[in-house]
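> The residues making up each chain are set out below.
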Amino acid sequence: GAVVSQHPSWVICKSGTSVKIECRSLDFQATTMFWYRQFPKQSLMLMATSNEGSKATYEQGVEKDKFLINHASLTLSTLTVTSAHPEDSSFYICSARPRTGQETQYFGPGTRLLVL
Amino acid sequence: SQKIEQNSEALNIQEGKTATLTCNYTNYSPAYLQWYRQDPGRGPVFLLLIRENEKEKRKERLKVTFDTTLKQSLFHITASQPADSATYLCAPVGSSNTGKLIFGQGTTLQVKP
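Chain order of the listed sequences is A and B.
Quick note on numbering: this note's numbering labels position 20 of the first sequence as 23, and the sequence is numbered without any gaps.
Quick note on numbering: this note's numbering labels position 89 of the second sequence as 1043, and the sequence is numbered without any gaps.
Simulated from the structure, these hints should not be mistaken for laboratory data.
One or more of the hints may lead you astray.
What the hints assert, rightly or not - Facing chain B, from chain A, some residues (calculated, C-beta under 10 Å):
id: 1; residue: 9
id: 2; residue: 14
id: 3; residue: 16
id: 4; residue: 44
id: 5; residue: 100
To be verified - Every beta carbon over 10 Å from chain B, so not counted as near; a handful from chain A, in silico:
id: 6; residue: 10
id: 7; residue: 69
id: 8; residue: 90
As the list claims (entries may be wrong) - Which stretches of chain B does chain A cover? Using the computed rule of at least three CB atoms under 8 Å from a CB of chain A, they are:
id: 9; region: 988-996
id: 10; region: 1022-1033
The beta carbon of each residue, even a glycine, is placed where N, CA and C say it ideally should be.
Taking the hints into account, I'd like the entire structure generated from these sequences.
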């Protein structure tokens, strides 16, 4: 149980285009989902907290207009990287916190984004 | 500001030995602390959670200790195997229950056969 999926697993796009990444909790409902970014040889950095039915909360330094987050249901959150540039190339990982209020979060497998 | 420190250098040990990884934190009063494993190109996988009022937690070959006086958690893998080779991340969590995880930089463990 407690499986989180991400789609796509990798994507290559041209500079200036927008990319949407989906995060789904497959066998549980998640009131809260989190989006992280990880650069090579570095740890995960929290980008934003996504609550179902409300606006996302962004960490300091993360542009909310560039990284659009939508949490339309208890099992799906999406991250859209708008007008992507090469510096946005990174490994994007989501996590989901079960509705039951457990402290544990379950992570997706990640999405590798390469912007040319 | 809050700071989490893990051994940045890779830890190399021989198969069968016990691996000990360290997580130190400052300017923090975590209600609990989590340990995750991350393999290259994959998302983290939850391993263990230890609360502030617990000194030690075990799960199979894994053991975690939590010393709130030293502001330190130790993560032990006994009878290590090459399959244990991965990066291990610690994440102290405050009592606000926001669920936000701030990770240490991780320690890479390499177990040699």
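> Look at each hint and say if it fits the structure.
Cross-check of the supplied hints:
no., hint, in the structure
1, 9, "holds, 8 Å"
2, 14, "violated, 14 Å"
3, 16, "violated, 19 Å"
4, 44, "holds, 9 Å"
5, 100, "holds, 5 Å"
6, 10, "holds, 13 Å"
7, 69, "holds, 20 Å"
8, 90, "holds, 20 Å"
9, 988-996, "holds (count 4)"
10, 1022-1033, "violated (count 0)"
Consistency with the previously given hints fails for numbers 2, 3 and 10, ordered from lowest to highest.
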